[in-house]
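**Q** Spelled out from the first residue to the last, the chains are:
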Amino acid sequence: MTWINFPLYSGIVAVFFLIGLAVLGYSYKKPSTFKIASILFTIGWGVLVLFVVQLWIELERPPMRTLGETRLWYALFLPVIGGLTYLRWHYKWFLAYSILMALLFLGINYANPETYSKTLMPALQSPWFVPHVLVYLLSYAVLAASSIVALKGWGDYYKNKSKSSTLALADNLVYIGFAFLTLGLLFGALWAKEAWGHYWTWDPKEIWAFLTWMGYLIYIHYRHFHPQKDKQALTILALAFVVLLVCWFGVNYLPVAQTSVHTYTQY
Amino acid sequence: MTNKTKLPQHQLWDTPWGYAESFLIGFGLLITGFVMEASLGSQTAISLVFPYNLLLLITYICVLIALYKWASHHPIVRWLSKVPASITSIVLVTLLVMIMGIIPQISSDNYIVNLLGLNHITTNWAFLLIIGLFLTCLGLISIKRIAQFSKANFGFVLNHVGLFIALTAGILGSGDIQRASIELKENEANYMAVDQSDGSPVELSFAMLLKDFKLEEYAPKLALIDNESGEILHNHGKNLYQISEGEQYLYEGFEVEVLSYLSMSSPFGSRYVRVNEQGSSPAALLKVTNTKTNETIENWISCGSFAQQYRSLKISDQYSLVMTIPEAKKFSSELEILTRDGNRFSTTIEVNKAHKHDFWEIYQLDYNKGMGKWSTTSIIELVRDPWLPVIYTGIFMMIFGAFYMFWVGNKITKND
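Each protein sequence line maps, in turn, to chains E and D. Note that this note's numbering has the first sequence beginning at 1, numbered continuously upward. Note that this note's numbering has the second sequence beginning at 1, numbered continuously upward.
For the record, the hints were derived by calculation from the structure and aren't laboratory data. Any given hint could turn out to be false.
What the hints assert, rightly or not - Beyond 12 Å from chain D on every Cβ pair, some chain E residues (computed): (1) 14; (2) 18; (3) 54; (4) 76; (5) 93; (6) 121; (7) 126; (8) 157; (9) 160; (10) 193.
Stated by the list, open to error - Cross-link-like lysine-lysine pairs, in silico, DSSO-like; alpha carbons within 30 Å at most: (11) E:118 <-> D:82; (12) E:205 <-> D:353; (13) D:82 <-> E:229.
The structure displayed is predicted, hence computed values, not measured ones. Idealized CB from N, CA, C, for every residue including glycine.
Just chain E, with the same shape it has in the complex:
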């Protein structure tokens, strides 16, 4: 059971990330120390990759089935998104946020240990499984990042120092996230045809995935035609993320969950 290794691995990752964050904070005073922070983040991230690889091998199936497993992927993707965004936009606050979020996900997993089960039902044994889930996880991580940018935008708005670059960053993240969201939805449709005989069955998870897609569709159209209306755009972005959260784990608590085929985590 690899889970037993998790406290050790996550502990090492956390140490590197936390020291990295401290150094990152210090780099606001002394910019040359930023390099040390980025090295610490990279090592911590490398350890996490090692854990995921080992978990995948030991489970003999992709570790993408349970909520805990998806949290692990967020912890893995968020620092990458933070790093890439830093390379392009040089936002240290955003890098710090993505590392903190990764730590939060690791923390949640630490508090809710799972005894990883090897069983994977036949419907999930398909070449579509990995691309379908992976593009979704990537998309959710990018869109989560966009809503943090939106929070920053709200803050700026109320301090009356709105910057067009903040919403531009949100736009870029939403475009990338939305492209992946579309791929996830369509890969899911193609897979559903193979597994269940129909590409669209209005399963509750499908419904909420579709709603998430529509939410960001509204944002993209609104931004495209009303680039000056920051406040409305930020509201739409926040609402779209709420829908995304419902889709991600809220569905399980809705009355419709009883009719869903997407609840794989009972056993």
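Position chain D relative to chain E; hints supplied.
**A** Positioned in the frame of chain E, the structure of chain D alone reads:
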């Protein structure tokens, strides 16, 4: 808001129509739809079959093209091809689908749910009207962009036209989808399937012979249950431990060691022995140590099978250990397809691996669950969807559109 103050006062219903008019029209359609639902009802899905759905689709597209060509200055057409109408229709579709995402789409006792048809949104008049509005907006702007095609429009056309094709073909083609299931018994040929929508018999143009049904299982799991309620206590029933010889597990002050595990066994006196026969069940010999008192118990447990009783192990007044029924890892049917002209084709189908024959997509659906891996019955599903190539055209256009969007998103970043 600042823009508006510069313009002369815009009265409601002055053209061009904006968001206020769009939402009024949208909600008007919504209310009309619900009134129609309450008065007419739509319990029987409105499904058009070939060739009427194809005729309707062609007519619809011709009307859209005609509107674009000869009526594009009419206030209604102008409104339909502008942003406020698009965003309004997206919002209203979202709203209706959200109802579908909250209220279970199954029969209900609630008066309002039944009156407004909220438990069958996809066949609800309100949904059909709003989808009509949505598709008309989408269709008109698609035609506009195709007519004024330029390289920069490429991604736009892929995304919008792809969605239009996938949605119209999916909605109008749904009446032509046929789903049937057929029960096959080993070494018997069958060509009479049952239609899943109305239970009527469907005679296939070929027969299917089940040569062998195979099922592989995962090892069963171990669960700690409450003697009184019978509920699984460990981890709220989630992520139970899989039984594996030599493993040790810890449950609420009990150390459990699997001394021996037999995947196929039969009870023999007070113990289990390895056998290779129909109806044999998995069994495990457990050694349970109470970590407080150091007392140990050693005994067998089994989940049983259709032919054998299950056996649990009581480890205290409060708790018992049970073995769960093994989960299926893989199940498949070895089939022979016999055609009328005397041809035979062999194929093996399993979940996620369908076989196509004669317009039918043949799926592994189910088996006799009570018999488990000893099942000699296989339930096969047959699906026929003549519109699939059209829908896939739309889906693949959108997939390329998504890649394009990703690429251009990058470009925007670089140019900024």
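**Q** For each hint given before, does the structure comply? Return the numbers of the non-compliant ones in rising order.
**A** Per hint list: 6, 7, 10, 11 violated.
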